[in-house]
Amino acid sequence: MQFGIFTVGDVTPDPTTGRTPTEQERIKATVAIAKKAEEVGLDVFATGEHHNPPFIASAPTTTLAYIAAQTERIILSTSTTLITTTDPVLIAENYAKLQHLSGGRVDLMMGRGNTGPVYPWFGKDIREGIPLAIENYHLLHRLWREEVVDWEGKYRTPLQGFTSTPRPLDGIPPFVWHGSIRSPEIAEQAAYYGDGFFANHIFWPKEHTERMVSLYRRRFEHYGHGSADQAVVGLGGQVFMRKNSQDAVREFRPYFDNAPVYGHGPSLEDFMAQTPLTVGSPQQVIDRTLGFREYVGDYQRQLFLMDHAGLPLETVLEQLEILGEEVVPVLRREFDRLRPAHVPEAPTHASLLAAARETVEVPR
Amino acid sequence: MSRARTIAVVTAGLGRPSSTRLLADRLAEATDRALRLADEDVVIEVVELREHAHAITDNLLTGFPSGDLAEAVRVVTGADGLVAVTPVFSASYSGLFKSFFDVLEEGALEGKPVLVAATAGTARHSLVLDFALRPLFAYLGAVAVPTGVFGASEDFGSNASGSLAERVDRAGRELADLVLRRPASGRVDPFENPTPFEQLLSGG
Chain A
56 MQFGIFTVGD VTPDPTTGRT PTEQERIKAT VAIAKKAEEV GLDVFATGEH HNPPFIASAP
116 TTTLAYIAAQ TERIILSTST TLITTTDPVL IAENYAKLQH LSGGRVDLMM GRGNTGPVYP
176 WFGKDIREGI PLAIENYHLL HRLWREEVVD WEGKYRTPLQ GFTSTPRPLD GIPPFVWHGS
236 IRSPEIAEQA AYYGDGFFAN HIFWPKEHTE RMVSLYRRRF EHYGHGSADQ AVVGLGGQVF
296 MRKNSQDAVR EFRPYFDNAP VYGHGPSLED FMAQTPLTVG SPQQVIDRTL GFREYVGDYQ
356 RQLFLMDHAG LPLETVLEQL EILGEEVVPV LRREFDRLRP AHVPEAPTHA SLLAAARETV
416 EVPR
Chain B
55 MSRARTIAVV TAGLGRPSST RLLADRLAEA TDRALRLADE DVVIEVVELR EHAHAITDNL
115 LTGFPSGDLA EAVRVVTGAD GLVAVTPVFS ASYSGLFKSF FDVLEEGALE GKPVLVAATA
175 GTARHSLVLD FALRPLFAYL GAVAVPTGVF GASEDFGSNA SGSLAERVDR AGRELADLVL
235 RRPASGRVDP FENPTPFEQL LSGG
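Residue numbers (the working numbering), protein chains in the order written: chain A, 56 to 419; chain B, 55 to 258.
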């Protein structure tokens, strides 16, 4: 099982000091966080994509390439890549390039974005969100698999005899996850291609996740990619830990109360009961996280949100140390012990390459 | 006999006791009577918005209904008919009343028969039914019955012709008629019956 972190790249004032980091501080902090994630033994670092303040998450492949150059092992991913408003030709090029530079340490997660004006800023119509996600991804899927593409669709200029360069590393396209909170069409899309499905999971009651994952698994089997329990599922999570749970709650509360997404709404205690948010001891995080498989089944990837709502960098780095040293080793062992042998790990470049070679070498 | 018809009653009165709740109960009774005359079983489910005021605000901020509010939303969206009653605040429905309908999922009330009603201190506010409540439910795709019921304080002490009791009765009958003419509510669940991908891909 893969464990990692995902970030939205928000530039948020620290509510305990009133200080807002500069854009450059936040960008550099993002890099430091990714390097720390590798150092403490995590498997995945994923960045979001936003095109408006107060975020610094535009140009994701620039950030990921810079991190790739300073790391050895960690998989670089997105959370999410805006398949609706980004030209699929650019996505094909940028992420194939990143594959070559990082030695295949790339996958990505498609999403539609949640900022209304992004659509008109990029010349699109938000009411076409789902059809855009479907058509654009279909083109991207072909660009990575067909040397020469002829294309005509509704949402971009036609392509005649187009070859996207560089070609995917070793001819293996990056593995793709599709993220959605509650659109059944996206679960259906992930199932159709046999891609992964990622449930954001945080900020929402588990029923949303349960319903989406169950649909995805059922349709994954329907489209002949394997049994429902072999479908590739990822989940988000959000945690804050201290040795004593009371200390964790006391320290995190001002960040919670003023957070951009849910701040000034429900209490920390209510939100912990209603959503997967866990603020407490490492053991409480372990117990809660192990409980996720009870409603989504055995899954392949767990990403945690660790760095939002204005938490200072040094706190985030401490949190990553606790996560990497005290939580993830236990989760890894327990999830591995619980998972039946026929349930696969998440695909990586190496595993996809090995599978492709096996297919080619089978004598007929 | 078929399954019981469910009538959800949403009332936004804040007082205890509340004249809005009093009117809501009378409308529910009238609807119940009319449905039983047609030999139907009836279940009346009352949603007092005051009890969900905090959860409604949380829902506006978080995007999802929690706990008892989630159950109230299920009751209202699953009902065969709806009685919606608000006090008049500043020349319109109350903010709490509007916020409840703001947090429902898009399309949640499409085609649902609804009886609109309001209360205020004086009858000078009575057009709020036609200038505020009807446009709201028209936007939500609900089907409002012809008679809306406005209860001013003075109506609770009057027996004149065209009295509150008569209007309540007529409105209840109209809601019952609409509920009876409508097949039992059954929206397609996109999680049970997803649109096949080939259809999505071809622009379906």
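None of these hints come from the bench; they were simulated from the model.
None of these values were measured; they are calculated from a predicted model.
Beta carbons: idealized from backbone N, C-alpha and C, even for Gly.
Some hints here could point you the wrong way.
What the hints assert, rightly or not - According to the in silico footprint, chain B covers these stretches of chain A (three or more CB under 8 Å from chain B):
hint	segment
1	238 to 249
2	317 to 323
3	386 to 396
Taking the hints in turn, this is what the structure says about them:
Counting residues of the segment 238 to 249 of chain A whose CB falls under 8 Å from any CB of chain B gives 7; the rule of at least 3 is met. Here's how the segment 317 to 323 of chain A fares: 5 of its residues keep a CB closer than 8 Å to some CB of chain B, so the rule of at least three is met and the hint holds. Here the segment 386 to 396 of chain A counts 0 residues with a CB under 8 Å from a CB of chain B, which misses the bar of 3, and the coverage is violated.
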